[in-house]
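> Residue strings, one per chain:
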Amino acid sequence: MPREATSLADILADARVWKLKDASAAPARPVWSTGRSSLDTRLPGGGWPTASLIEVLLDDIGLGEVQLFLPALVACQRQIGEPWIIWIAPPYEPYAPALLQQGISLERLLIVRPDSAMEALWAAEQALSSGVCAAVFLWLKGTDDRWLRRLKLAAEAGGALGVLFRPERHRYESSPASLRLLLSRGEQEMPCVELIKVQGGRPGPVEARDV
Amino acid sequence: MRSRAAKSLTADLFAPAAAPAARLPRRTLPAQATPQPRRASRQLWYAVVFPELAGPEGEAALTRLCLHAQNFTSFVSIEPPNALLLEIRGSIKLFGSLEKLHVLIDTRWRSLGLKAQSATLPATLAALWSARAGQCVHEEAAASLASLLAPLPLSVCAWEEEPLQTLRAMGVRHLGELQRLPRAGLAKRLQPKLLTDLDIALGRQGAPRRAFVPRERFREKRDLEIEVEQVAYLEQAVEPLIGRCADFLRARQAGVQRLKLHLKHRDRPATQLFLGLASITGERARLLDVVVQKLGRVTLDSPVRALELISGTLRALSADSLDAFAGLAGQGGRDSAPQLVERLRARLGEAAVYGVCPIAEHRPEAAWRRVRELKLKSSRLALPPPLTGDMPRPIWLLAEPQPLSSPQLIEGPERIESGWWDGKGVARDYYVARSDSGERLWVFQERRSRRWYLHGVFA
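Chains as they are written, first to last, in the working numbering: chain Z, 1 to 211; chain B, 1 to 459.
Treat the hints as calculated values from the structure; they're not laboratory data.
Careful, some of the hints might be misleading.
[What the hints assert, rightly or not] In silico DMTMM-like cross-links for lysine to aspartate or glutamate, where the CA-CA straight-line distance does not exceed 25 Å: (1) B:K294 - Z:D115; (2) Z:K141 - B:E439; (3) B:K264 - B:E216; (4) B:K294 - Z:E119; (5) Z:K141 - B:E400; (6) B:K375 - Z:E93; (7) Z:K141 - B:D436; (8) B:K264 - B:E235; (9) B:K193 - B:E162; (10) B:K264 - B:D289; (11) B:K100 - B:E140.
[Said to hold, decoys possible] Between beta-carbon pairs, the in silico distance windows are: (12) Z:E173 - B:W420: 49 to 55 Å; (13) Z:R169 - B:P403: 26 to 32 Å; (14) Z:P167 - B:G419: 34 to 40 Å; (15) Z:P167 - B:R451: 28 to 34 Å; (16) Z:S116 - B:M391: 33 to 39 Å; (17) Z:R169 - B:C357: 32 to 38 Å; (18) Z:E173 - B:A285: 34 to 40 Å; (19) Z:R169 - B:R447: 37 to 43 Å; (20) Z:D144 - B:E225: 37 to 43 Å; (21) B:R297 - Z:D144: 19 to 25 Å; (22) B:R447 - Z:P167: 33 to 39 Å; (23) Z:E173 - B:Q402: 30 to 36 Å.
As the structure is a prediction and not an experimental result, all values here were calculated from the model.
Yeah, the Cβ is synthetic: ideal placement off N, Cα and C, and Gly gets one too.
Construct the complete structure from the given sequences, taking the supplied hints into account.
Below you can see the structure in the form of structure tokens.
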């Protein structure tokens, strides 16, 4: 029996209609605060979304890109039962004293150094979908759309905070990531953040200073 | 009663050396001596000493000889450096008599081409000492232990040189003379171990021995009906082998950390796959997971005719290696942490997956290291207290400091001067700097050469 939409309420009741307001008000998964109120207010739910893929585009290393996620890493290590953090193919050696200084427990930090980009993607997919990781960070030079989609599905299955760091040239490629950020040089310690894509939010540059 | 015993003890000090040995034990035994355990007398110990064995090779040889000894009794204990102890009370009935049994065992050593001295007595050390002295006594009765041991020289006891020297200075050359000395005085002059040994040898005290357990491993071969050229079929073929290995391990309440899989070919040597597990396990699913990951990376040069699975050393499962519920800890979890780690290691290699830990050291490059042995069990996480007040440290550290030309400094300096004692001394002033493109860098100036280097990146 074909159904006809008669009123706005009927249309909204349809499960296929995605409601922006609801999405931002009550996210299905927990979020982790970014530690910057100006950024938190721009993200749906008020923090980094878990169980999804976040893509960070940047050209230089050392803009404070890891710093952006450190409050979330510390918070999730303190709150989740099995809080493994996995870093796949980081650009340099993660420096243990610095991580300790930031309050990260090194007992639950795993570094993975695959030989190739394909292996890195495979490892990321395994880690994201395993369900034992609180956060999976992946550094890549380039990848195709199909793999990103697999990573996103894996993150949704495992519930982890999945972050992918890529060079800026991928900005104009389509990406299934639910959140895309562009980092550039900032005045202070923190980099300039521009939201390119926010599912359930509004894209645009983020104020440099906390409100 | 007690005062009389004490009096007789003091009198002992001046007792003539030629006192009859058989009477001695009762007189030198003080009232508070350990009562003789009843069960100890039920045991009968056959000791064998191989004078030619010595050093680490000797110990390895002893392990092999244990397997021979286990033909005669289930209880064999290794007595380093060159002896074995066999408990043979239970075997006498099976072999007829003690006489027949010890001749059989002695013949076994001779057939192996070994020089062996043996003795059988109801106390462990008595048998061992008699064997070492070369006395060929084989007796079931316990009554005459003291007189049997009395003529033996002290060197059979394998004690350290220092107490032996003390005893020699006291004029004690044989065990009989030692038995005659008063216990309290001996305990003061010598180590308590000597008195304990003497009690054990005389059967007054039991001495539990650890039975030798031979190393077990799973080893099974499976011939394939047809020669297999595709890895996908191999995965199916290896499944029953893994299942049997898991059953084998479960029956023994044991787990393994290593496995070896041989793929046998018709006309070339077998392909060997070494599989490592992140923690000791006997679980079928985890073993299979690792094997399948490893097989997925294999390129077959020629068809496979047979598979052989060999386990590493069996390890006891502890309570925390029974990770039946570990997988539930994660949110929508399908794995446990060890499973994830070993899957990553099976495909990427052992060295590609590691942790880091800090080292208390001033030199930045020596203040951390990689950790291969991960703490995988969901124990309570020790959260580090956040450090404050220190100079900042960068998230990324360069493997080697890179030369740099006059950076734009923001913060500093922090002087680090250390390590002059091991030849890798450093004398540096560290600064936080900013590069032209806006990166925050950790740089230092070497104090001797005044040159600038880049050492880390604040990310």
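> If any of the earlier hints don't hold here, list their numbers in rising order.
Violated hints: none; all satisfied.
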